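Undergrad: Chain by chain, the residues run as shown.
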Amino acid sequence: MLIDHPLLGPRDASEFIYMGDAKLLNRPNWKSQNSKTKFLDYGYLRKNPAGVHKELWYHEQGDRSWLLVTRNTVTHEILKVELARDTKGK
Amino acid sequence: MKYSGFKVLWEGLKGNTGWKPLWRKPDPKKNYDIIIVGGGGHGLATAYYLAEKFKITNIAVVEKGWLGSGNIGRNTTIIRSNYLLPQNQPFYEFSLKLWENLEQELNYNSMVSQRGVLNIFHSDSQRDAFVRRGNAMLMSGADASLLGVDALKKLVPFLDFQNSRFPIKGGLWQPRGGTVRHDAVAWGYAKEADSRGVDIIENCETTNFLIKNGRCYGVETTKGVIKSKKVGVCVAGSSSQVMGKIGINLPIESHVLQAFVSEGLKPVIPGVITFGAGHFYVSQSNKGGLVFGGDIDGYNSYAQRGNLPVIEDVCEGGVALMPMIGRARLLRTWGGIMDMSMDGSPIIDKTKIRNLYFNGGWCYGGFKATPASGFCYAHLLATDKPHNDAKDFLFNRFERGRLIDEKGQGNQPNLH
Chain D
1 MLIDHPLLGP
11 RDASEFIYMG
21 DAKLLNRPNW
31 KSQNSKTKFL
41 DYGYLRKNPA
51 GVHKELWYHE
61 QGDRSWLLVT
71 RNTVTHEILK
81 VELARDTKGK
Chain C
91 MKYSGFKVLW
101 EGLKGNTGWK
111 PLWRKPDPKK
121 NYDIIIVGGG
131 GHGLATAYYL
141 AEKFKITNIA
151 VVEKGWLGSG
161 NIGRNTTIIR
171 SNYLLPQNQP
181 FYEFSLKLWE
191 NLEQELNYNS
201 MVSQRGVLNI
211 FHSDSQRDAF
221 VRRGNAMLMS
231 GADASLLGVD
241 ALKKLVPFLD
251 FQNSRFPIKG
261 GLWQPRGGTV
271 RHDAVAWGYA
281 KEADSRGVDI
291 IENCETTNFL
301 IKNGRCYGVE
311 TTKGVIKSKK
321 VGVCVAGSSS
331 QVMGKIGINL
341 PIESHVLQAF
351 VSEGLKPVIP
361 GVITFGAGHF
371 YVSQSNKGGL
381 VFGGDIDGYN
391 SYAQRGNLPV
401 IEDVCEGGVA
411 LMPMIGRARL
421 LRTWGGIMDM
431 SMDGSPIIDK
441 TKIRNLYFNG
451 GWCYGGFKAT
461 PASGFCYAHL
471 LATDKPHNDA
481 KDFLFNRFER
491 GRLIDEKGQG
501 NQPNLH
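These protein sequence lines are chains D and C, in that order.
Just so you know, the first sequence maps onto residues 1 to 90 in the working numbering.
Just so you know, the second sequence maps onto residues 91 to 506 in the working numbering.
Just so you know, these hints were derived from the structure itself, not from any lab.
This structure is a prediction, so every number in the text was calculated from the model and none was measured.
It cannot be assumed that every hint is accurate.
Claimed, not checked - In silico DSBU-like links for lysine-lysine, alpha-carbon gap of 35 Å or less:
no.	chain 1	residue 1	chain 2	residue 2
1	C	244	C	377
2	C	440	D	54
3	D	80	C	154
4	D	23	C	440
5	C	481	D	38
6	C	104	C	120
7	D	38	C	475
8	D	31	C	119
9	C	120	D	47
10	C	104	D	47
11	C	497	D	31
12	C	442	D	23
13	C	115	C	313
14	C	377	D	54
15	C	497	D	47
16	C	481	D	47
17	C	244	D	47
18	C	442	D	36
19	D	36	C	475
20	D	88	C	313
21	C	313	C	440
As the list claims (entries may be wrong) - One side only, chain D facing chain C, incomplete, derived with CB under 7 Å:
no.	residue
22	40
23	44
24	45
Every residue, glycine too, gets a C-beta built ideally from N, C-alpha and C.
Required output: the full structure, derived from the provided sequences and hints.
TA: Below you can see the structure in the form of structure tokens.
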């Protein structure tokens, strides 16, 4: 797989480390009500879709940026690549 | 159908005209006591043990493809019980004991071959970790012994003992481990479950669950509605897809694991050998092909095929451990979808919907667990209580913080 890095252009996926579902960007507030349930969901429960999936890739062998990659888990086709810092909170 | 040496001889004389299909192809009835969703190894084993041990025979196994089309026919066929944690090890030892008697019990040749499993170590600290693991195995009643370099040189003289980066210091040896002809396991369980009255319904995909007032009372399938008192889901890599139909998110990611087989070679590898410094394990099939594998690709996938970097990594590991295979040609590679759980250990539990049960999260260790998984799932389905050897494989361990994390990697499924 080639990941089209927004700053560096197409890079081999083996330069990256897969860090999981992009829901990890939205960490619950520990002071919120039923934060225990929210952290269970945040830490452990996943939609795990067959199809389009938003996920985090960390460019360890490169510029150490975190990317938000939209990828099809059935075909391995990469649909969109963004810098995670640009998408945080959106 | 009963197999015996005499029957083989008799059929040989009759031109093999008397063999019959091993299971019927029934249409689904309207009502069952239990429906098992997923006709893989674990689902068929569950049906068999429900019928044999718990005397419940009004069962349907519904399978979306054909029997043995999933991971039961795609794995690297290794059986072993060399786990560390007290929540895991007794379960896998129970499984190995069931494997040892499987062929007699099912009257079917599954080619259970206890040729031994050898885990190589390469440093003093790794030796300490393997001694600890070996002791955990012995305490559960399994067999284990620590082999030094001299013993290894007799057993597996072809290893690269003087490898300058990863010199071989010894190995943890489990003689009762080995390999099994994997799809014959599915066929054997199917044959015996069918002969006890279990309906095995192939090409019948479960499209939804029938739920009313928080209770499950059947499934909708591509062959119509089937009602039952209890429903047990057992679908490995498709777990999130099936449970997602009723909005249940699982602590599971689906990942692709590749497996490899070389061209047929003369017998060279005596049992199962694993590399301690990279991820590589190998055995030799009865046809002579080297069957080997390594790490999962590491990203969510439902593709049943992987990518080249992992192929390269696995082959590098193999050549580092045993340079003699460097010129063997790769015949085939394929991929299977692993239900990677958040702590690397499985789940056999009730769900929050009454009468709906779940079995999954086997990561890439599901094959060796097949008999015990079926037995313990049958126990749960029949009695509503977890089997003693699977009593910790529960959903609530994640919220209670009681993870069963063999490798100590945390909630990162691609590291287990």
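Undergrad: For each hint, tell me whether it holds in the structure or not.
TA: Going through the hints against the structure:
no., hint, result
1, C:244 - C:377, "holds, 24 Å"
2, C:440 - D:54, "holds, 30 Å"
3, D:80 - C:154, "holds, 32 Å"
4, D:23 - C:440, "holds, 26 Å"
5, C:481 - D:38, "holds, 26 Å"
6, C:104 - C:120, "violated, 41 Å"
7, D:38 - C:475, "holds, 29 Å"
8, D:31 - C:119, "violated, 53 Å"
9, C:120 - D:47, "holds, 32 Å"
10, C:104 - D:47, "violated, 56 Å"
11, C:497 - D:31, "holds, 32 Å"
12, C:442 - D:23, "holds, 23 Å"
13, C:115 - C:313, "holds, 13 Å"
14, C:377 - D:54, "violated, 43 Å"
15, C:497 - D:47, "holds, 24 Å"
16, C:481 - D:47, "holds, 26 Å"
17, C:244 - D:47, "violated, 50 Å"
18, C:442 - D:36, "holds, 18 Å"
19, D:36 - C:475, "holds, 27 Å"
20, D:88 - C:313, "violated, 45 Å"
21, C:313 - C:440, "holds, 26 Å"
22, 40, "holds, 5 Å"
23, 44, "holds, 4 Å"
24, 45, "holds, 4 Å"
Of the hints listed earlier, those the structure fails to meet are numbers 6, 8, 10, 14, 17 and 20, in rising order.
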